[in-house]
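Chemist: Sequence:
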Amino acid sequence: MDIKEKFGLRLKTLRKEKGLSQEELAERSGLNRPYISGIEQGKRNVSLEVMEKLAVAIEVGIGELVNF
63 MDIKEKFGLR LKTLRKEKGL SQEELAERSG LNRPYISGIE QGKRNVSLEV MEKLAVAIEV
123 GIGELVNF
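Residue numbers (our numbering): 63 to 130.
To be clear, the hints were calculated from the coordinates, so they are not data collected in a lab. Incorrect hints may have been included.
List of simulated lysine-lysine pairs, BS3-like, C-alpha gap at most 25 Å [what the hints assert, rightly or not]:
1) Lys68 to Lys115
2) Lys68 to Lys78
3) Lys80 to Lys105
4) Lys78 to Lys66
5) Lys115 to Lys80
6) Lys78 to Lys115
7) Lys80 to Lys66
8) Lys66 to Lys115
9) Lys105 to Lys78
10) Lys115 to Lys105
11) Lys105 to Lys68
12) Lys66 to Lys105
13) Lys105 to Lys74
14) Lys80 to Lys68
15) Lys74 to Lys115
Note that the structure is a prediction, hence the values are computed from the model and not measured.
Taking the hints into account, I'd like the entire structure generated from these sequences.
Modeler: If you want it as structure tokens, here you go:
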């Protein structure tokens with residue numbers, strides 16, 4: 063499993079723990095749902111700016127997102 067897949071799995075786990083759908087996460091983060099899906103599937107490289115948007119949207123620190 064590469065780092066993109068690990069990050070995607072971690073994001074999906076945290077999103078589900080918060081009770082959010084991909085659509086809700088997309089709305090909160092300002093990203094689109096297909097992009098969120100691609101991240102969760104390990105198909106997207108994620109910038110620091112996107113990491114920050116995701117962390118704020120699911121109310122965790124960036125460190126939580128990369129705590130594999």
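Chemist: Next step is simple, just say for each hint if it's right about the structure.
Modeler: Hint check results:
1. The straight-line distance between the Cα atoms of Lys68 and Lys115 is roughly 18 Å, inside the 25 Å bound, and the hint therefore holds.
2. Restraint check for Lys68 and Lys78: the C-alpha separation of about 15 Å stays at or below 25 Å, so the hint holds.
3. The suggested pairing of Lys80 with Lys105 holds, with an alpha-carbon distance near 23 Å, which does not exceed 25 Å.
4. About 18 Å separates the Cα atoms of Lys78 and Lys66, which keeps this hinted pair within 25 Å; it holds.
5. In summary, the hint linking Lys115 to Lys80 is supported, as the alpha carbons are separated by about 15 Å, within the 25 Å threshold.
6. Simply put, Lys78 and Lys115 have alpha-carbon atoms about 17 Å apart, close enough for the 25 Å limit, and the pair holds.
7. With a C-alpha separation of about 21 Å, the suggested pair Lys80 and Lys66 falls inside the 25 Å cut-off, and the hint holds.
8. Distance restraint check for Lys66 and Lys115: the Cα-Cα separation of roughly 17 Å lies within the 25 Å cut-off, and the hinted pair is therefore satisfied.
9. This hinted pair checks out: Lys105 and Lys78 have alpha carbons roughly 19 Å apart, not beyond 25 Å.
10. Between Lys115 and Lys105, the direct Cα distance comes to roughly 18 Å. Compliance with the 25 Å bound is thereby established for this hinted pair.
11. Only pairs whose Cα atoms come within 25 Å are accepted, and Lys105 paired with Lys68 is accepted, the gap being roughly 11 Å.
12. At roughly 7 Å between alpha-carbon atoms, Lys66 and Lys105 fall within 25 Å of each other, so this suggested pair holds.
13. Taking the CA atoms of Lys105 and Lys74, the gap is about 13 Å. The hint holds against a cut of 25 Å.
14. Our distance criterion of 25 Å between C-alpha atoms is met by Lys80 and Lys68, whose separation comes to about 18 Å.
15. At roughly 15 Å between alpha-carbon atoms, Lys74 and Lys115 fall within 25 Å of each other, so this suggested pair holds.
This entry satisfies every hint, going by the numbered hints stated previously.
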